[in-house]
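*Asks:* Spelled out, the chains give:
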Amino acid sequence: MNTPFKMKPGRGNMPKTGNGLPTPLRQDNGIELTERYTKGVKTLKKKREEGKTDTGLNIDKTTGFATAKPYEKSFVTNKETKGASIMGGDNKTMATASSYGQGREVENLRKKFVSDSTSTMNRRNRSAELYNATSGGTKPDNLSSGQISSLVKLNKAKRTR
Amino acid sequence: MKKVICIIVFLVFNSYVQAQKLTKDFLVGTWASDTVQIDFSIINKNELNVVSFSYLTGNYFKILGYQFDKNNFYLNTLHEPNDWEALGKFIVVDQDTMVANYVSDSPGPVIYKRLINKK
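As you go down the protein sequences, you meet chains A and B in turn. Okay, so the first sequence: first residue is 681 according to this note's numbering, each after it adds one. Okay, so the second sequence: first residue is 73 according to this note's numbering, each after it adds one.
Calculated directly from the structure, the hints in this document are not laboratory data. Any given hint might turn out to be false.
[As the list claims (entries may be wrong)] Chain A is faced by these chain B residues, among others (derived, beta-carbon under 7 Å):
{"id": "1", "residue": "V108"}
{"id": "2", "residue": "A158"}
{"id": "3", "residue": "S176"}
{"id": "4", "residue": "D177"}
{"id": "5", "residue": "S178"}
{"id": "6", "residue": "G180"}
{"id": "7", "residue": "V182"}
{"id": "8", "residue": "Y184"}
[Said to hold, decoys possible] Some residues of chain A that are not near chain B, with every Cβ distance over 12 Å (derived):
{"id": "9", "residue": "E712"}
{"id": "10", "residue": "G769"}
{"id": "11", "residue": "E785"}
{"id": "12", "residue": "S797"}
{"id": "13", "residue": "N805"}
{"id": "14", "residue": "S829"}
Glycine included, each C-beta is placed from N, C-alpha and C at the ideal position.
Bound-form chain B, shown alone (with noise of 0.2 Å):
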């Protein structure tokens, strides 16, 4: 019996932790916050795709880049009108909520909600 329990503990523990990992199946989908949105989407079978929008200016971002570390997703992107240049680390608050902790001129937390999910 004690051994059942632990196997249930553990799988739902894992599955925890499963749902918690920033992976590119994780960010596919819509996220937005007050000022931005940003479409995740895989292309060429395993190649993530980004297109963020500005509602504020109405420009979309160019993207520089983007990287996984750990459990960790770096977005580094453009504002062309301006030449404002912003990277972001995204952490996984919950399965629809992130934070993106940017270092730009103006640097500060910025919460993201996932609008749609594709999967």
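The following block holds chain A by itself, in its conformation from the complex (with noise of 0.2 Å):
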């Protein structure tokens, strides 16, 4: 287009360039990571050190990563009794239920250990996750969301922005 004159950029309408980019493009993640981190860390290598961690964590030999242990207990019912139980780890019999009252009990049974293992597994997956993140296990920079705001709770972090 042949126009008497041109604009330059940041005039008008044109968008600007260079300065002021949104946030959105820069490549920070919003924190700084306070002492309490540090000293966390560190604690926690002593404590991997002395084997006490998390009985609900595994924690990875080569890359020092946290995982949640599967859930060791199990379901199992009776075709012969239709009754059912729980079996622990270690297959001791942990809670039992009886066909008694058209199968109510083993349904409140199985209930029972469902949401057991729920609440468990969600409970080793944020303890595996804030391990990682408190631990050293996550660069700064590859932290979630979730890792970002357990840590500016737990005051380890601070926001920048």
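Both chains are sitting in their own frames, so use the hints and assemble them into the complex.
*Replies:* So this is what it looks like as structure tokens:
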């Protein structure tokens, strides 16, 4: 287009260049780790060396990354008696239900098992995520928004924006 | 007849012992545990090249060093995102299995299975 004058960047509706990039384009994740975070990393390292890590977590030997241990209990039904039981990781019976009451007792036991296993695994997963965030298992740049929120709540990080 | 049997037994035993030796040739290929994959290859005629990757974190390990000692193989790795150093002592279980005893902040054994034999 041939016009009598040229508009410079930043004038009128022309986009600005360089200066004032919108925040989503920034490379940092908007947090600053505090001294409490550094101290926590050291404490967890010491605990690991003493073998005092959370019993619900598996710490990978090659990377130090934590994952939740699988739920060890199982729900077993008996076809003959139509009863059911919850078995522990060591194969010991922890709770039983008979077929009494048209299977209501079995259904209640099943509900208890589902509820317990779900809450335990949720807790372990949260614990693993927090461990990876606070033990130095995740690079600060790679922290998820959930991990960042946890660190901020624990005063282990400060939001910079 | 006795001599022949003795020779056969010796040859079978010898080949068995040879198969269990942990050498560069034995390692060449791809090995994997539940969380780690290691690729061993020979470059520049006789140099062992090691590339290791964590399925768990999606990061490559920095290879700090390796060493053959008697019938063991030692591999020293660094997981850079969290500066996690681990020294693994590898021993052969059979042709396609090795156990690495790790010395790190969380020590213990890890079983590696051969995925691909490049030979």
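*Asks:* Decide, hint by hint, whether the structure agrees.
*Replies:* Quick rundown of the hints versus the structure:
At a threshold of 7 Å, the smallest CB-CB gap from B:V108 to chain A is about 5 Å, leaving the interface hint in force. Hint on B:A158 holds. Least Cβ distance to chain A is approximately 5 Å, under the 7 Å limit. Interface hint status for B:S176: upheld, as the beta-carbon distance to the closest one in chain A is roughly 6 Å, under 7 Å. Residue-level restraint check for B:D177 holds (minimum Cβ-Cβ distance to chain A is 4 Å; threshold 7 Å).
The beta carbon of B:S178 is positioned within 7 Å of a beta carbon in chain A (closest approach about 4 Å), and the interface hint is therefore held. A hinted interface residue such as B:G180 counts as satisfied when its beta carbon comes closer than 7 Å to some beta carbon of chain A; here the least separation is about 5 Å, so the hint holds. Contact between B:V182 and chain A, as hinted, is supported at the beta carbon level, the nearest pair being about 6 Å apart and thus within 7 Å. For B:Y184, the interface hint is violated, the least distance from its beta-carbon to any beta-carbon of chain A being 11 Å, above 7 Å.
Remark: the non-interface label on A:E712 is consistent with the geometry, its nearest Cβ contact in chain B lying 18 Å away (cut-off 12 Å). Every C-beta of chain B lies more than 12 Å from that of A:G769, the closest at about 19 Å, which supports listing it as non-interface. Every CB of chain B is more than 12 Å from the CB of A:E785 (nearest about 39 Å), matching its label as outside the interface. The Cβ of A:S797 sits about 22 Å from the closest Cβ of chain B, beyond the 12 Å cut-off, so the non-interface label holds.
For A:N805, the condition that its CB be more than 12 Å from all CB atoms of chain B holds, with the nearest at approximately 14 Å. Its beta-carbon lying about 20 Å from the closest one in chain B, A:S829 satisfies the requirement of being farther than 12 Å from that chain.
Taken one by one, the earlier hints fail for this structure only at number 8.
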